[in-house]
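Novice: The chain contents come next:
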Amino acid sequence: MSLKLCSEALSGCSGCEMSLLNTGGGSLSLFDKFEILHMPILMDHKYLGCNGGDGGIHIPKAGVGLISGGIRNEQHLKIAEEMRRQCDIIIAFGTCAAYGGIPAMMNLFEDKDLFRRYYRTAEATDSSLNPTQVIPPFLERTFALDEMIAVDFFIPGCPPHPDSITAALESIVQGKSLELPLLSVCDSCPAKREGKGSVNKIRRFVRNARYQPDRPVSEMRCLLEQGYLCMGPVTLAGCAGMNGGPPRCIDVRVPCRGCHGPVRKGGNQLMDILNALASNGIDTKNLPDRLSSLRFSGAHGRLNWRFAKA
Amino acid sequence: MEMAYEDVNRHETQFEMKAMSLSGTHPGFEPRILAFTCNWCAYAAADLAGTARAQYPANLRIIRVMCSGMVHPSLVTEAFEYGADGVLLMGCHLGECHYQDGNEKAQMRSLVIEEVLSLMGLEPERFRLVWCSSAEAERFAAIVRETDEALRSIGPSRFRKNT
Amino acid sequence: MRETVAESGCASVREITIEPVTRIEGHARIGISLDENGNVAEARVHIMSMRGFEKFIEGRAAEEVPGIVTRICGICPWQHHLAANKAVDGCFGIEVPPAGRLLRELTQVLAHISDKVLHFFFLAGPDFLVDSQQYETRNIMGIARQAPELAKRVIQMRYRAQMMLEKFAGRSIHPDAIVPGGFSKPMSRRERDELHAGAVEQLEFARFALDFAREHVFSRFNAEFLKLGEINTGFLGMVNGEDGGLSLSDGILRLMHPDGSFQEFSSREYTDFIGEHIEPWTYAKFPYARGWGEGFSMDLDAPRGIYRTNCLARINVADFIPTPVAQAELLEFRSLFGRPAQSTMLYHWARLIELLYTCEKVIELLEDPRITDNYIRSDAVPKAGRGVGCVEAPRGTLIHDYSTDENGFITRANLIVGTTHNLAPINMSVNCVARDLIKDGQVTEEALNRIEMAMRAYDP
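Note that the protein sequences, when read in sequence, are chains A, B and C. In this text, residue positions in the first sequence follow my numbering: the first is 1, and each later residue adds one. In this text, residue positions in the second sequence follow my numbering: the first is 1, and each later residue adds one. In this text, residue positions in the third sequence follow my numbering: the first is 1, and each later residue adds one.
So that you can see chain A by itself, here it is in the shape it has in the complex:
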């Protein structure tokens, strides 16, 4: 007997859904375990029962509710609330749902500045008033899912690795709780550590890291030790799935940017990385664009245009 599942995507990008399609190693075996009742990207269940209807959002009852994307406008909120009512278990699927994700960077700006730019001053745009008909109004900022509804499980990642998705959904089907080991990306990073050395300033990633082209990544020196800003120490491990593979960005010789979210649920990736650098005597005042360290976790009030310095 398969478990009923409903899925919705709010202020996200469908990347989590694409990763879901990559589960099962090129089969859709995950889909055999679930009866999908609502999932707009793949199947045709609609919100409204009757043509014209009551304008409401109607989602069928299900055991599992998978929600990707954060909450940005009134419709997202209504969908999230309906999903909470109808689904026994709600999963915040992906970094946007869990922490706000990239769209929460909009919390650095006032909406009125966005509208002015987008509808009036953008190049090639025929200046106009803000659209307001039919479309749902924005809420005051972008929220993570658990700021508005109770969430039972979190699957972080941007997107979560297909193996992590499978493991998570399988635990849930078996009624087990989901425990992600509280390790940082550094824990699974094969790069060589030799010590801080002479690094006392962070440099921007405008030239490639030093590595031997035909040697494995385990022979590359840690990117922080090379002087690049790598968010590995303050990011949850597991972006490469459950098999202990190297972190995906490090594998292509690029520093981690923290897309798997903070190590602990309430962690502040900006504070933690600045602290890690400062504790090692690295001058953080010259770090360019520090607010970008919160690019994946800007919900929960972390990014706030009222307080953020330009």
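The set of hints was computed from the structure by calculation and includes no laboratory data. These numbers come from a predicted model, not from an experiment. Treat the hints with caution; some may be incorrect.
[Stated by the list, open to error] Not the full set, but computed from the structure, chain B residues with beta-carbon under 8 Å of chain A: (1) S74; (2) T77; (3) V112; (4) E115; (5) L119.
[To be verified] Restricting the straight-line Cα-Cα distance to at most 25 Å, the calculated cross-link-like pairs of lysine-lysine (DSS-like) are: (6) C/K383 / A/K285; (7) A/K4 / A/K78; (8) B/K161 / A/K265; (9) C/K383 / A/K4; (10) A/K33 / C/K152; (11) A/K61 / A/K33; (12) A/K46 / C/K383; (13) C/K383 / A/K309; (14) A/K192 / C/K167; (15) C/K383 / A/K201; (16) A/K4 / A/K61; (17) A/K201 / A/K285.
C-beta: ideal position from N, C-alpha, C; glycine also.
Knowing the structure of chain A, use the given hints to seat chains B and C on it.
Specialist: This is chains B and C only, laid out in the frame that chain A set:
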């Protein structure tokens, strides 16, 4: 250096008068101050302030840590999230740290703390990093009094629930 | 299940809402208003959300932006990744070394493959391939039940195309491997050989896909079906600047009138040719051909300034396709439908022709000996400048236009996302189908799905 009894008395009276006048700005507001004090210097100073009866506001809570350098910024931010109006981080004078350079780390971390607090919308005056040696009982008390005074004019923290 | 108007018991239904539009990417609502005779007065596609990327990348260090804007779309992140990198190259004045350019083009074109397979089989395919048109089965799971071998192959091939990217470039979704100045790591000979084998397999599948579609889907494209959502528009696409052949990575833009005549311009000049119109009932803007000097109108009888992008547009504007198998298919297509072909349903056919091109192109790039060179990135020095990065994303011409200050921070950005060029045409196609199929207040579920099919063809 210890102050003469009369001076301390006068200082206290002046302090009380100031407090009474300032409490008009935020009536009924008693600032809640948390101080992280290092075991070897600042905590000893606090202890000495007690035995020497140097006067400082009762709304101070002290957490003793082994070294100012062990205070992670999240301890400070959590203190504010729990409703502290002001937080002090107190350690040994530079060059006198019991663990060599722990206070230097505290100094670098305090820059991080300041930045994060401003992103939380908290006024910079709410957090202070100060050095205080074990003999400086009166200095300890004066620091707390000054902090209390400053907080009375700034007002309650935006995180403070209505208690 | 939706009831028809007649059975609904709702007194006089004047408004019909299809929401969410399914088997597309993103949030859309189709709103149809009927007049007092039960005929369509207006049909509109409302884009229900907006995130504001062009605003919040202001103030970011420019070299970080290509890793942020991938999150505009989880189906086509490589396109935003490359366009953003090209824009930053323009701001910083960097020349990319040959191996870097080859790796960039390879990953970007390779990313088209899984996108097209996804669209034809998972998203649009169920409308054509599932026998019982009950909504519960009209999806990839329904295809899997009805034709398990086909489904298995299709799912496997899409997965393998994604894994080719994942294995070489770390991630298929939200990559980091393209960087300002080039690429982050070189390709080894072993990786090249593995990718080559994978690409040959993909090409074989692409041939199968077109043959299969020709037999089971396009054979049913009779003259009447081809009228579904058909409108008369211009077309925009990238071509090779030297010979006018199809190009997805580098080239110039060609804007074709409905009559087949065209103008060419470099992407840097896009503001001279493309304008963006705003309507009060949707968050998204409508790009239109301002350069034609006729303004903007979505009126079905007298459209003004309307052009389309995406695969049908690209094969219309290109003089030829520079790879043999796809070119042969294009010649056959043109003998049947002419140039430019206007029928919206032909997007599906064009998509599979382009799928052939992308597989052939990936093989060609992998066979270029320079692709395994170690020199893949020029160093960049952040500085003030302006850059326009343009690529052909699966959904259409993608433009990232950035300016930086003397520290290399973004001061302003303008983005025209591939799908948006098609928003006005989508509205028109939806309007067209709605008027044809909804009359005298009679609404069936099949009709409503047909209206969605007119939108789905554009792969929005």
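Novice: Now tell me, hint by hint, if it's right for this structure.
Specialist: Each hint, compared with the structure:
1. S74: holds (6 Å)
2. T77: holds (7 Å)
3. V112: The hint holds - B/V112 has a Cβ within 8 Å of chain A, the shortest such distance being about 4 Å.
4. E115: At about 7 Å, which falls below the 8 Å cut-off, the nearest Cβ of chain A leaves the hint on B/E115 intact, so it holds.
5. L119: Hint on B/L119: holds, closest Cβ of chain A at ~5 Å, below 8 Å.
6. C/K383 / A/K285: Distance of about 20 Å is within 25 Å: holds.
7. A/K4 / A/K78: Holds, at roughly 21 Å.
8. B/K161 / A/K265: holds (23 Å)
9. C/K383 / A/K4: violated (54 Å)
10. A/K33 / C/K152: holds (17 Å)
11. A/K61 / A/K33: holds (17 Å)
12. A/K46 / C/K383: This hinted pair is violated, its Cα atoms lying about 50 Å apart.
13. C/K383 / A/K309: holds (22 Å)
14. A/K192 / C/K167: holds (22 Å)
15. C/K383 / A/K201: holds (20 Å)
16. A/K4 / A/K61: Since the Cα atoms of A/K4 and A/K61 sit roughly 8 Å apart, the hinted pair holds (cutoff 25 Å).
17. A/K201 / A/K285: holds (10 Å)
Hint compliance for this structure: hints 9 and 12 are not met, and every other hint is.
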